[in-house]
Amino acid sequence: MNEGSLEGAVCEMHDGCLTCGDVAVELTVVAVDGADARCRADTGEEETVAVGLVGPVEPGARLLVHAGVAIERVGDR
Amino acid sequence: MKFVDEFRDAELARGVAARIAALADPDRHYKIMEVCGGHTHTIYRYGVHDHLPANVELVHGPGCPVCVIPMGRVDDGIAIAEREGVIFTCFGDMMRVPGGRGTLLEAKSRGADVRMVYSPLDALRLAREHPDREVVFFAIGFETTAPSTALTLQRAREERLTNFSVMCNHVTIIPAIKAILDSPDLRLDAFVGPGHVSTVIGCRPYEFIARDHHKPLVCAGFEPLDLLQAVQMIMEQLASGRAEVENQYSRVVRWDGNPMALAAMADTMTLRPHFEWRGLGFIPQSALRLSDRYADFDAEARFSTPGVRVADPKSCQCGEVLKGVLKPWECKVFGTACTPETPIGTCMVSSEGACAAAYNFGRLARERMPVPS
Chain A
1 MNEGSLEGAV CEMHDGCLTC GDVAVELTVV AVDGADARCR ADTGEEETVA VGLVGPVEPG
61 ARLLVHAGVA IERVGDR
Chain Z
1 MKFVDEFRDA ELARGVAARI AALADPDRHY KIMEVCGGHT HTIYRYGVHD HLPANVELVH
61 GPGCPVCVIP MGRVDDGIAI AEREGVIFTC FGDMMRVPGG RGTLLEAKSR GADVRMVYSP
121 LDALRLAREH PDREVVFFAI GFETTAPSTA LTLQRAREER LTNFSVMCNH VTIIPAIKAI
181 LDSPDLRLDA FVGPGHVSTV IGCRPYEFIA RDHHKPLVCA GFEPLDLLQA VQMIMEQLAS
241 GRAEVENQYS RVVRWDGNPM ALAAMADTMT LRPHFEWRGL GFIPQSALRL SDRYADFDAE
301 ARFSTPGVRV ADPKSCQCGE VLKGVLKPWE CKVFGTACTP ETPIGTCMVS SEGACAAAYN
361 FGRLARERMP VPS
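Top line first, the protein sequences correspond to chains A and Z. Position one of the first sequence corresponds to residue 1 (this note's numbering), numbered consecutively onward. Position one of the second sequence corresponds to residue 1 (this note's numbering), numbered consecutively onward.
No lab work stands behind these hints, which were simulated from the structure alone. Do not rely on the hints blindly, as some may be mistaken.
Listed below are several chain Z residues computed to face chain A (Cβ distance under 7 Å; list not exhaustive) [unchecked claim]:
#1 119
#2 121
#3 147
#4 196
#5 199
#6 252
#7 258
#8 259
#9 262
FRET-style restraints, in silico, Cβ to Cβ [stated by the list, open to error]:
#10 34(A) to 26(Z): 58 to 66 Å
#11 31(A) to 270(Z): 51 to 59 Å
#12 313(Z) to 60(A): 47 to 55 Å
#13 274(Z) to 34(A): 33 to 41 Å
Facing chain A, a subset of chain Z residues (Cβ under 10 Å, in silico) [as the list claims (entries may be wrong)]:
#14 122
#15 145
#16 148
#17 150
#18 152
#19 154
#20 222
#21 254
Even for Gly, the Cβ is constructed at its ideal location relative to N, Cα and C.
Only chain Z is shown next, with the shape it has when bound in the complex (with noise of 0.2 Å):
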C-alpha cells in the first residue's frame, strides 16, 4: 500500500493545507468547481473542505455520469429491457436511477432480464453464451467509460456477434464544462480537472478554458493529497494572476491522452448533434452514438423506443446541484423524500453523486444552513 499511503499523509496534508491558507485573500471568496464524481466522492469521503480555508469553497459539477442521465434515456432503455428475448446489462448504479417509468430494478422485478454488468466485456461474454437471446449493454459514462464500450465493440465485430448491441449514452466533459462557463448563474474562479476522463482525452483539450476565460484548471488525481495539491497549485496561479491549465495526476496522464483509446472512440463512435443533460438541458455535439460503421450494433437503430423526454420530479432540484449553483442540502427534498435508499433525483442515486456523497459522509451537520428559528 506505499503507493496510496504517500497520498493520504496527514503531515502532508496539513503542509499543503497551511500553504493554500497562506495563499487565500482574506477579502476574497474563491469558488473551485470539481467536474468529476470520482472527486466529490473523495472530498466527502477524506473530508477535504475540512482542510481548506472557509472562503476557498468547493463547488461540485456535473461529473459523475448517472446523475447527467435523463428520466427519458431511462424509460427508452426500460422499454428494450422488456421485450421479448432481450438481456439487457448495465453498470449497477445504472439500474436504480429513476425514469418517468421508475427503475430498471423495477423492470427487472415485473419480470424484464436486466443483469448488472462489471464491465462491457461481460455483456458481450454473455452474447456469447445466449447465442438465442439479444444482449443489449446499456453504455454511460464519460471519455473514461467510453474507450471500454470502443474496444467491446470491436471485439463483437471481429467475433460476427449479430446478437450484442449497446444503446450508447456516453457523454463527452468538454461540452458541459462550456455549458457551465455560459452559465449566468454561477462565479466560478477555477476548475479541478477530471483525472481520469483526461488520461484519455489529456489536458490540451482544457486549454479554452484558460486561453478565452482566463481561469486556471489543474487536472487531478482521487487521492486526498492530489486534490488538496490541485487546489494549491491552483491558489498558486490566482495568486499571481495566471491563468494556466496543469497536470498535478503527471504519474498517469499525459498531456496529449491515450492515442490508441482515441483511435478506438473514433472507430466507433462518432458525435450526436445534440443531447440532454439533466439539469443542464440540451448540449449541443455533447455526447456519443455508435458510427455508421458499426450501425448493425446500435440497440437504438435494432428496437423502437418511445425516445420521450420526461421531465424531473418538480421537488428535485439536481439541475441546481448539478451546475453547482445549490449545495445538496440545500435541495428541499435532500434527506427527507429524497435519500439513498429512495432516490428521487439522480445524484442522491451513485455514490458519487454530489447528494449521495454529502449524505453519507454526514457533510450536512456542518455544512447545512441554519434553520430560521
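Same shape as in the complex, but just chain A (with noise of 0.2 Å):
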C-alpha cells in the first residue's frame, strides 16, 4: 500500500495490472498463521495472503493470488 505517493498508479506495462484485472500470480506457501499464510513469490518476494477461500494450507503448498487472498491451489488436479 502506498499512501503518499501516487507511485504505482500507472500501471506496470511488462507485468500487467495485478489487481484490478484478470490476473493472478502463483505463489508458494512459506508459514502459516491463522487465516494467513505468508507466501514467496518465485523470485524471492514475500507476502501476505488470506487463505479462507482455499481451505487448509500447509508450508510448500502453491496457491493461486489475487489482490491479496488466494482464490485456488496450483497443480492440485
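From these two lone chains plus the hints, build me the complex, please.
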C-alpha cells in the first residue's frame, strides 16, 4: 500500500495490472498464521496472503493469489 | 522459473503454430474473441498474433474491468472521496479512469484523500488504523476479484468495524458474453475463456455457448503457450465441426470452480437488476451489489451520490473496441489525442485495455490499416 505518493498509480506495463484485471500470481506457502499465510514468489518476494477461500494450507503448497487473497490451489489436479 | 519457462518455449510454440496453420481452412476467416484483459495483454506483449495465420484473427472483448466502468460511476466515487473525513481507496488503474468530473487522481490533487491499495484487505487495515475516519473501498473487477472483496467484508463484519464500507462495482462475465453473442455487429467463431474468472466460477456456466450458440469456448491460462494451445484446441473443434467447452487451464481451473469463493460471494453480494457497461449499455443482472445482510457496509447507502449517467466523449470509440467491432488503432483518436499518458477512453488506461496494450507493445505499425494517399 502506498499512502502518500502516486507511485504505482500507473499500471506496470511489463507485468500487467495484478489487482484490477484477471491477473493472478502463483506463490508458495512458507508459513501459516491462522487465516493468513506468508507466501513467497519464485522471484523471492514475500507477502501475507489470506487463505480463507482455499481451505487448510501447509508450507510448500502452491496458491493462485489475486489482490492479497488466495483464490485456488495450483496443480492439485 | 521452471514452471514459467515451460509455457514460453519457442520450439513448442512453433509446433503448436504449425498445427494451427494446418487446421485453418484457407478459404475461411476465423474470428476468436478473448474476453479477458489479461489475455489481451499476453497477446500483445508476446506477439501471439505473429504466430497465427493471417485468416485466424484474435478479437479483444470486454474483459478489462477498468475499461467497462461507466463515467457516471467514477463521478459517484469522486463525490464520496471528496466528503469530509473520508479515506477513499481503490486499485491503481482506477485512479486514472476519466469520469465526467475528471479522475480520482485529479480529485486527490484537489485535496481528496484518495489512496491506492493492492488489496481490499489493505483498505480494511486503514479502517482499523483510522477509527475516526470513514474508509471506503471502490471495488471493481470480475469474479476473480469479487471473492477478495467478499472475504474482506466478512472480516469487517467479524471485527465489527463500523467505519469501513464498499462501493461495489463488481461485474459478472456471463451476461457480458451473452450481450456480445446477441450483438448484430459481430460475427464470432469461438471464445477463449477467461482463466482466472473460471478459477472461481468454473467451466460449467459457459456450456450454453456451445449448446445454444454452437460456438467452442476454451478456458485458457495466461502464458503465451497457454493461449496458443487454446487456439489450437478451438481450431481442432472447428475443423471437426464440434462446439464444446474445454479446459486448457486444468492446472488451476476446476470444472465447478471454487465453492468456497462462490459461497463467500453469495453471502456478501447479490445481483443488481441491471448495470451499465461502457460500450455495451445496460445489461440485466450483470453486476453485484452488497447483499442485504451486508447493507451496513454499503457505501452507496451510507453516502449520497449523484448517480447521474454520463455519456462517453464523442471522439471515443471504446464501445466498438470493447465489442471487438473495431481494432484499437481503427479508433479516430488512438495514439493521437488518446494515449496512455492522456487517456480519453478507459481502454487506454489499464495495461490490460486493448488500446493501451496495442499502443505499448507496438503492434500498430504492422496492423494499422493503410492510410489512403
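With a cut-off of 10 Å, does the beta carbon of residue 122(Z) approach a beta carbon of chain A closely enough for the hint to hold? Constraint on residue 122(Z) satisfied, holds at 4 Å.
Could you tell me whether the CB distance from residue 31(A) to residue 270(Z) stays inside 51 to 59 Å? 36 Å Cβ-Cβ, so the 51 to 59 Å window is violated.
Tell me if the interface restraint on residue 199(Z) is satisfied: Cβ within less than 7 Å of some Cβ in chain A. holds (5 Å)
Mind checking the CB of residue 150(Z) against every CB in chain A and telling me if the closest is under 10 Å? holds (8 Å)
Holds or violated: is there a CB of chain A closer than 7 Å to the CB of residue 147(Z)? holds (6 Å)
Quick one, is the residue 152(Z) hint okay against chain A at 10 Å, beta carbons? holds (8 Å)
Chain A contact restraint on residue 145(Z) - CB to CB distance below 10 Å: holds (6 Å)
Min Cβ distance, residue 259(Z) to chain A: is it shorter than 7 Å? violated (10 Å)
For the restraint on residue 196(Z), tell me whether the closest CB of chain A is nearer than 7 Å. holds (5 Å)
Is the shortest C-beta separation between residue 262(Z) and chain A less than 7 Å? violated (9 Å)
So does residue 274(Z) sit 33 to 41 Å from residue 34(A), Cβ to Cβ? Given a distance of about 40 Å, which is inside 33 to 41 Å, the answer is holds.
Given residue 222(Z) was flagged as interface, is its beta-carbon under 10 Å from a beta-carbon of chain A? Cβ of residue 222(Z) sits 7 Å from chain A, so the hint holds.
In the structure shown, a violation is registered for the earlier hints numbered 8, 9 and 11, in ascending order.
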